[in-house]
Amino acid sequence: DAGITQSPRHKVTETGTPVTLRCHQTENHRYMYWYRQDPGHGLRLIHYSYGVKDTDKGEVSDGYSVSRSKTEDFLLTLESATSSQTSVYFCAITRAGRQETQYFGPGTRLLVL
Amino acid sequence: QKEVEQDPGPLSVPEGAIVSLNCTYSNSAFQYFMWYRQYSRKGPELLMYTYSSGNKEDGRFTAQVDKSSKYISLFIRDSQPSDSATYLCAMIRGAQKLVFGQGTRLTINP
Numbered sequence: 001d002a003g004i005t006q007s008p009r010h011k012v013t014e015t016g017t018p019v020t021l022r023c024h025q026t027e028n029h030r031y032m033y034w035y036r037q038d039p040g041h042g043l044r045l046i047h048y049s050y051g052v053k054d055t056d057k058g059e060v061s062d063g064y065s066v067s068r069s070k071t072e073d074f075l076l077t078l079e080s081a082t083s084s085q086t087s088v089y090f091c092a093i094t095r096a097g098r099q100e101t102q103y104f105g106p107g108t109r110l111l112v113l
Numbered sequence: 114q115k116e117v118e119q120d121p122g123p124l125s126v127p128e129g130a131i132v133s134l135n136c137t138y139s140n141s142a143f144q145y146f147m148w149y150r151q152y153s154r155k156g157p158e159l160l161m162y163t164y165s166s167g168n169k170e171d172g173r174f175t176a177q178v179d180k181s182s183k184y185i186s187l188f189i190r191d192s193q194p195s196d197s198a199t200y201l202c203a204m205i206r207g208a209q210k211l212v213f214g215q216g217t218r219l220t221i222n223p
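Residue numbers (my numbering), protein chains in the order written: chain A, 1 to 113; chain B, 114 to 223.
Simulated from the structure, these hints should not be mistaken for lab results. This one's a predicted model, so the numbers in the text were calculated from it and none came from an experiment. Cβ coordinates follow ideal geometry from the N, Cα and C atoms, glycine included. Please note: incorrect hints may appear among the correct ones.
Stated by the list, open to error - Below, a list of computed lysine-lysine pairs in the DSSO-like style, where the Cα atoms sit at most 27 Å apart:
1. B:Lys-183 - B:Lys-169
2. A:Lys-57 - A:Lys-70
3. B:Lys-210 - B:Lys-115
4. A:Lys-11 - B:Lys-155
5. A:Lys-57 - B:Lys-115
6. B:Lys-210 - A:Lys-70
7. B:Lys-180 - B:Lys-115
8. A:Lys-70 - B:Lys-155
9. B:Lys-155 - B:Lys-180
10. A:Lys-70 - A:Lys-53
11. B:Lys-169 - B:Lys-115
12. B:Lys-169 - B:Lys-155
13. B:Lys-115 - B:Lys-183
14. B:Lys-183 - A:Lys-53
15. B:Lys-155 - A:Lys-57
16. B:Lys-180 - B:Lys-210
17. B:Lys-180 - B:Lys-169
18. A:Lys-57 - B:Lys-169
19. B:Lys-155 - B:Lys-210
20. B:Lys-210 - B:Lys-183
21. A:Lys-70 - A:Lys-11
Said to hold, decoys possible - Not close to chain B: a few residues of chain A, all C-beta gaps over 12 Å, as computed:
22. Lys-11
23. Gly-16
24. Thr-20
25. Thr-26
26. Asn-28
27. His-41
28. Leu-43
29. Asp-62
30. Asp-73
31. Glu-79
32. Ser-84
33. Thr-86
34. Val-112
Here chain B stands alone, though its shape is the one from the complex (with noise of 0.2 Å):
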């Protein structure tokens, strides 16, 4: 079973939808918990970190955590067609050691 578990999609939905992405976990030493966008062909980019139980909010994104679950949330809320590349969950445990889901891949639809 891997650490890090998270629905690969693909995922479709029309634009201006609210875009649920989801990740769960295993290990309560996960600490910190980050969301990274990745467009084809291009490396990975930080969106949000979290650190703790509960919602942080960036523009039209909003990272939730519930660490007595396990289970991590990325929302968009007006999704845009430029919006659509793979969105990586990425968690933290002990020093330099990020592991990684293995992404969900997005299309908004025009």
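Pulled out of the complex, with its shape left as it was, chain A reads as follows (with noise of 0.2 Å):
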């Protein structure tokens, strides 16, 4: 357990709906990650922060946007959501500023009808 926990868990909405996804972190870790999981693609990196208030875009970034307004809390928003952004997201966080151990929370599992 690497104290992260992501709200909701499970969330149903429909296309062109605002949504934010919460990221709770408990032990103070500077970086930050939000991926997401889908068939045939494994994990891919959306959005990272490396400290209250800067971030930088990953591979899959068009459609979503971040904030991380204080240590604990990164938040990812789907500004109008869409069909293909349904899928799990997954939120990490890096110990010690060692990318070669994330951790990842339990995951939030979006359905766009």
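Assembly of the complex is requested from the two constituent chains, each provided in isolation within its own frame, with the hints serving as guidance.
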């Protein structure tokens, strides 16, 4: 357990609605990540953060935005959800800045109808 | 062509067998190599990571890296039903950028 919680754990929404997913960590880690996992694609990086208010894009960032106003919270927002964003979303942290030791949260299952 | 290729399986073996899971990669810039285990409806769990070519052992698990062939493996000895999961390889190129294989689904039959 890496002290990561994600909320909500499950969500069903409609196309065109905004959706915000929350990742919360209790261990004061600097680096946080959002991934999505889809069949045939494995895990793909959406956005990551290397500190409060410091974020950068990953390989599949289109249609997503992030914010980090506190060390412990990293928010992922789908401004206008589309069916192609139906996926399982995972948050991860890195301990001691070591990228080879990323630890994942339990995931959020999102269904966009 | 994907940067990291992993046979999705599924792979089914009897309990006690030695399991070999593999990934190939195309980018020689990858430096660190990781293996994650993911149970159904759970987040990935870091099993092992290695930096250089060679072997690294942890209990029943051995990770092997061959940089010259761009090939990594995970061996599981004395496999148990509790090892049934999806196994994902992952690699790092540059700062902050993990690249994952698509995962191999493994079932160990009692």
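Open item on the list: Checking a non-interface call: every C-beta of chain B should be farther than 12 Å from the C-beta of Gly-16 (chain A). Is that right?
Closed with: holds, 28 Å
- [ ] Run the C-beta distances from Ser-84 (chain A) to all of chain B and say if the shortest one exceeds 12 Å.
- [x] holds, 18 Å
- [ ] Would you assess whether Asp-62 (chain A), listed as outside the interface, keeps its beta-carbon beyond 12 Å of every beta-carbon in chain B?
- [x] holds, 17 Å
Open item on the list: Please verify whether Lys-155 (chain B) and Lys-57 (chain A) have alpha carbons no more than 27 Å apart.
Closed with: holds, 25 Å
Open item on the list: Holds or violated: Lys-210 (chain B) and Lys-70 (chain A), Cα atoms, limit 27 Å.
Closed with: With a Cα-Cα distance of about 22 Å, the restraint between Lys-210 (chain B) and Lys-70 (chain A) holds, given a limit of 27 Å.
Task: Pairwise hint evaluation, Lys-115 (chain B) against Lys-210 (chain B), where the allowed Cα distance is 27 Å at most - done: holds, 15 Å
- [ ] Given the hint that Lys-70 (chain A) pairs with Lys-53 (chain A), test it: the Cα-Cα distance must not exceed 27 Å.
- [x] With a Cα-Cα distance of about 8 Å, the restraint between Lys-70 (chain A) and Lys-53 (chain A) holds, given a limit of 27 Å.
- [ ] Compare the distance between the alpha carbons of Lys-169 (chain B) and Lys-155 (chain B) with 27 Å, and conclude whether the hinted pair is satisfied.
- [x] OK: Lys-169 (chain B) and Lys-155 (chain B) at ~26 Å, within 27 Å.
Task: Reported absence of Lys-11 (chain A) from the contact zone with chain B (all CB gaps over 12 Å) - done: holds, 15 Å
Task: Non-interface label on Asp-73 (chain A), tested against every C-beta of chain B at 12 Å - done: holds, 18 Å
Open item on the list: Check whether the Cα positions of Lys-57 (chain A) and Lys-115 (chain B) lie no farther apart than 27 Å.
Closed with: holds, 19 Å
TODO: Take a quick look at whether Lys-115 (chain B) and Lys-183 (chain B) sit within 27 Å of each other, Cα to Cα.
DONE: holds, 13 Å
Hints 9, 14, 18, 27, 28 from the list above are not met by this structure, while the remaining hints are.
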